[in-house]
Amino acid sequence: MESLIRELKEHLIRELNLEDITAEDIDSKAPLFGEEGLGLDSIDALEIILILEKHYGIKLQNSAEAKPVFYSVETLAGYIAKNRR
Amino acid sequence: MAEEIRHVWLGADSIVTALGNKRDTLSSIREYRTGLCMDESLGMVCGRIASMEPIDGYTRLETCVIRAIESVQAQSGIDLADKDVRFVFSSTKGNIDRIANCGNEPPSEAFLGECARRIAAYFNAAFLPITVSNACISGVSALVVGQRLLLSGVCGRVVVAGCDMLSAFIAEGFGAFKSVSGQPCRPYDKDRDGLSLGEACGALLLTTRKSEALEPAVELSGGAVTNDANHISGPSRTGDGLYYAIRAAMRQAGIDPREVAMVNTHGTATLYNDEMESKAIHLAGLEHVPLNSLKGYIGHTLGASGVVETVISAQALRDGIVYGTKGFSEMGVPCPLHVSACHSRLKGNHCVKTASGFGGCNAAVVLSLEGETHRVLPRSNAFQVRETSVYTLPLSDKPFAEFIREEFKKLQSPNMKFYKMSDLSKAAYVAAERLIGGSLAEKGLAPEEVAIVLANRAASLDTDLLHQRILDQKTEPVSPAVFVYTLPNVAAGEVCIRHKIQGDNTFFIENQDTGQAEGYARLLIAGGYAKAAVCGWCDFMDGKWDVRLKWIERK
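Heads up: the protein sequence lines correspond to chains D and F, in order.
Okay, so the first sequence: first residue is 941 according to my numbering, each after it adds one.
Okay, so the second sequence: first residue is 4 according to my numbering, each after it adds one.
Among the hints, erroneous ones may be present.
To be verified - Calculated pairs, EDC-like style, for lysine to aspartate or glutamate (alpha carbon to alpha carbon, straight line, at most 20 Å): (1) F/503 with D/942; (2) F/534 with F/409; (3) F/420 with F/400; (4) F/420 with D/993; (5) F/25 with F/259; (6) F/503 with D/967; (7) F/420 with F/409; (8) F/282 with F/215; (9) F/181 with D/993; (10) F/350 with F/479; (11) D/999 with D/1014; (12) D/994 with F/479; (13) F/477 with D/960; (14) F/181 with F/278; (15) F/420 with D/950; (16) D/969 with D/942; (17) D/1007 with F/196; (18) F/181 with D/981; (19) F/420 with D/960; (20) D/994 with F/409; (21) F/413 with D/959; (22) D/999 with D/964; (23) F/213 with F/87; (24) F/420 with D/942; (25) D/969 with D/1014; (26) F/503 with F/556; (27) F/446 with D/959; (28) F/420 with D/976; (29) F/213 with F/82; (30) F/181 with D/942.
Unchecked claim - If you want the ones that stay clear, here's a sample from chain F, every Cβ over 12 Å from chain D, calculated: (31) 121; (32) 417; (33) 420; (34) 450.
Derived by calculation from the structure, the hints in this document are not laboratory data.
All C-beta atoms, glycine included, are put in the ideal place defined by N, C-alpha and C.
Can you build the whole structure from these sequences, using the hints too?
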């Protein structure tokens, strides 16, 4: 799980252009969206859907259904661990 | 001093949609027939224009626009070659299909300004075209530009033409945004699940001479453009930006909400657009007014939609009918609206037409049957304008990425979103930050009193090529984060978000800087439409930039 979390953070930093942020800076339990945490938005959510597709073979239809899954790096990693192929 | 111009009339018009020409489109709408169906080549439900005889040497889009203008000229007898006529062209993407597999070398007609120039040259137009590329409000935005030009006395007639065609570029982009419905779209319905794209072209004469108005005469009595200053693609959560546009347009028309007989909205049928509109309509006090969206008949026709839907709505005013909203059956927006599901008799004389688009932009116009307005049009040159500061983004031998990163760091104003922006947006963002300095509130300016008017040559072509490369290579999925920046006005939208600018925001495209942006910004301030403006040239292409901004304000 630790290595998946690490890898996921690297994907997020690269694909979402999170410049000046390192994997260590991202709190795995902090919310990804909204004012606190990483402050991601709806376009980032669509990009995360693409990360799931590209790197883990997971297809999610829309970001609304994905709300609890997309809460934090930890919840996202948990979902990937269960559903990856 | 020239006599003050009091009226802008809607003259001859011509449209073509998935339902055919104006007559055919109207008769299909009357029979609740849709032009939307599955298109195998694009792999989605959308509305395509039937193929037409191409004009040698011109693209499909240019042919469409030329035919529409020819029809307007033939009906009205006016001529683009006449010195009293200006040509305003609206399009989001012009000949963008021409960059497929072009690598890094887009053909000249892929430049929107060049596309407009070719059309103008076909008619030996007396002046350079004025090209507006303001995302999905482009058409309404172009009408507002035309109205402002006429009220300022620059000329007596403006031909406004709007057109967009569908291609993989656009279809795949909206697909990546997960905003396209699998069925013909269902505006405001509880089961709506996205938009349907459509092709269309519209041309419309705006004139100060009532004798040239299509009878019974309809006036473009009010108009305004605003910005949400909230998010570049997500509609505002409050609807305030669209509300400001409707309010300003109604004020200019001198009417109050009780006098409005019909609202023709953008109504794209995406979850969030329709939600936002319902809030704005409530804020504007128009929730009891019969309202319709035409998207279920002809689709979302992008840069053409504002012109085409205005032509249809003006005709509905003349014919005394409110068209039903195809696809709507059960209310599905948080603030209930009076959505007309079926055609009904129009009771009154004024129609509000709205549009909203990426970059946070909104636009509204008021259409009024003759003799029914008591408006207070601003005097065209009531206010003096002064220039208080200029800023030119310095040139550098460093690669742009490195250069702009350093410039951004120097601002000492961290913003996580900066690194996600397109290069055009980054350039605009840094230059505007340097130009504006402190907050607008400190300058005593309210958000809706400040405008941003930019122009450039390349539009968003630099990002367009990036999006197209992803499509051509077919190895990576299409990126929504790239696609959202394939509109030049999104760069202005980023500046609006940063500085909470909610006034007029208009983006012009021209082959070289002839000062259209600054000229229009001056007109906005002189006419009382804005108190201050960021304006100027903001171009980025292939690693090269040319960004020269000015701050001008009411004296």
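May I ask which of the numbered hints given earlier this structure violates, with the numbers listed in increasing order? 1, 2, 3, 4, 5, 6, 8, 10, 13, 20, 22, 24, 27, 30, 32 and 33
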